[in-house]
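Spelled out from the first residue to the last, the chains are:
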Amino acid sequence: MQTVAQEKFKPISKDQNAERVVRPSMSYWADAWRRLKKNKLAMVGLIVLVVLTILAIIGPFVQPYSYQEQDLVARNQAPNAQHWFGTDDFGRDQWVRIWWGTRISLFIGITAAVLDFTIGVLYGGISAYFGGRVDDIMQRFIEIIYGIPYLILIILLIMVIGPGVFTIILALATTGWVGMARLVRGQILSLKEQEYVLAARTLGASPARIILRHLIPNALGVIIVNATFTVPGAIFAEAFLSFIGLGIKVPLASLGSLLNDGVGSMRNFPWRLIFPSMVFSLIMLSFNLLGDGLRDALDPRLRK
Amino acid sequence: MLRFILRRFAYGLITLWVIVSLTFILMHNLPGDPFANSEKLTPEARAILMKTYGLDQPIWIQYGAYVKKVFSLDLGVSFYYPTRSVNEIIAGTFPTSAQLGLFAITIAVIVGLTLGIIAALNHNKSWDYFAMFTAIVGVSVPAFVIGPLLSYYVGVKLGILPPALWKGPEYWVLPTITLSFTTLATMARMMRTSMLDVINQDYIKTAKSKGLSQITIVFKHTIRNAIMPIITILGPLTVNIITGTLVVEQIFAVPGMGKHFVQSISTNDYTMIMGLTIFYSALLILAIIITDILYGIVDPRIRLSKGGK
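Keeping their order, the protein sequence lines are chains H and R.
Residue numbers for the first sequence follow the UniProt record's numbering, so the first one is 1 and each next one is one higher.
Residue numbers for the second sequence follow the UniProt record's numbering, so the first one is 1 and each next one is one higher.
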């Protein structure tokens with residue numbers, strides 16, 4: 001039998017804290033970020049998005065042209081040293097127009113997502129927290145709005161207010177928040193029975209404080225994932241409208257209107273379709289990959 | 001269950017009424033009137049036309065008359081084609097659109113589900129990556145890019161299939177592929193996630209330990225349970241397909257309702273826009289109601305929790 005040295009059985013002296021946690025504790029967000037970093041596809045998506053955003057900001061200034069400047073001598077040029085992405089029917093520089101269009105598309109997507117987020121979170125939060133009659137009335141209203149197809153509402157609004165960035169955002173926001181509100185309501189309904197909410201209420205916290213400081217932060221993971229998917233949805237809606245001729249009007253460009261032009265001149269000038277579709281698809285792809293990654297990183301159901 | 005169905009229909013009708021009112025209000029705030037483009041009209045002729053269409057009446061009388069007409073299924077006469085009623089135009093073009101839509105949904109469901117199932121059963125293997133790559137491309141590249149490319153390269157360059165129009169089976173292929181692509185991709189992604197969820201459940205472990213064959217487990221236990229969440233997205237996906245026909249009919253010159261809708265917007269054809277908007281909305285609302293009911297039938301848990309409320 002092995003003999004164990006006697007000194008190994010010394011009691012720990014009282015001044016040392018045996019319960020001390022050696023490693024730094026990890027917050028929910030640090031943990032999520034760590035898991036997101038491990039997801040290569042999502043990181044590629046994130047990097048591509050950052051690069052595209054930077055290009056959308058500085059891209060138009062790199063070239064000495066403006067998005068509406070016409071040069072009738074340099075019409076329909078293939079990509080070359082002066083015009084990196086070629087020119088269109090009016091000799092407008094495609095490089096500048098594409099990054100300008102990316103700017104507008106990203107702006108529409110992100111603004112729509114922020115509006116959806118704000119309205120949806122407040123509406124869903126209030127509806128779920130108060131429950132009962134308030135919830136009933138608010139949910140009936142949602143059921144009515146939910147049935148309105150957003151593209152049809154957008155088309156009607158555009159015909160009345162006239163096409164433009166503002167109209168598209170307004171129309172997307174009027175119908176888009178419903179999905180978010182339903183999601184938030186579901187989350188909060190399950191969260192509000194938790195003990196910490198009871199504790200907060202016992203301590204006299206106001207409903208606004210409980211909703212904004214306790215319930216919503218705990219549901220934020222799912223909310224963010226949903227918002228990430230809202231952005232490409234809005235960008236797609238804008239492109240769809242431009243394609244049927246109701247989107248951004250010339251000389252302003254969006255990715256959708258550039259795609260539409262590109263489709264028209266595809267046979268003779270294929271690069272006019274190729275570049276906008278590449279940028280458009282990259283944006284959609286990156287947001288989808290990032291959204292998938294965020295869902296895996298933030299959804300507690302998938303935690304092992 | 002009957003109460004649930006009736007309730008859903010009641011809400012559908014209210015939504016439809018809101019849409020009818022919205023359409024009416026928006027249309028009446030439109031700049032210009034449908035006769036503004038024809039300069040040959042004398043003021044007298046114009047007044048007569050306004051009177052025929054009831055445009056000289058106060059707005060609430062026009063509204064009342066319109067709502068009454070819509071709910072008695074009369075959508076009025078087109079301003080642009082004065083000899084044809086909106087009902088006739090819908091009757092003439094809707095079958096084509098419906099055919100295109102049904103083809104696309106069928107393909108999307110069959111191929112999408114198969115891709116999703118294959119991907120989940122080969123989780124993290126090359127089949128999975130292949131299926132998910134196809135799916136994510138499908139979600140990212142819109143129909144209005146895929147459509148023209150297919151039409152040009154397959155239709156014109158290779159000449160295998162007709163690049164446009166809608167005259168027979170060989171004409172159906174390209175528009176159907178274009179329209180179904182996004183839906184197919186969404187379907188495949190959802191099905192894969194859902195299958196993976198089910199595969200990790202305890203009852204699958206039980207089935208395995210009972211010694212059931214792989215085929216029985218996959219078909220009788222996994223797929224049947226995994227398909228349930230898919231039904232909830234069938235409604236929104238049908239909506240996508242229906243709005244998608246607007247674009248696809250434009251690209252492939254399919255003589256359907258979508259083409260008329262886009263055309264009526266550029267010609268200020270009030271009654272046509274209003275009529276088609278309401279028809280589209282009714283269709284979409286119906287699709288969502290049917291999905292809800294289907295889900296209630298398939299999943300007893302939903303039915304019970306909703307009935308108890």
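Hints were generated in silico from the structure; no laboratory data involved.
Any given hint might turn out to be false.
Here are the simulated DSSO-like cross-link-like pairs (lysine-lysine), alpha carbons at most 30 Å apart as the crow flies [stated by the list, open to error]: (1) R:K210 - H:K38; (2) R:K125 - R:K51; (3) R:K68 - R:K125; (4) R:K167 - R:K157; (5) H:K37 - R:K68; (6) R:K167 - R:K68; (7) H:K249 - R:K259; (8) H:K40 - R:K167; (9) R:K259 - R:K68.
Each hint tested on the structure:
no.	hint	result
1	R:K210 - H:K38	violated, 37 Å
2	R:K125 - R:K51	violated, 70 Å
3	R:K68 - R:K125	violated, 60 Å
4	R:K167 - R:K157	holds, 20 Å
5	H:K37 - R:K68	violated, 60 Å
6	R:K167 - R:K68	violated, 38 Å
7	H:K249 - R:K259	holds, 21 Å
8	H:K40 - R:K167	violated, 47 Å
9	R:K259 - R:K68	holds, 28 Å
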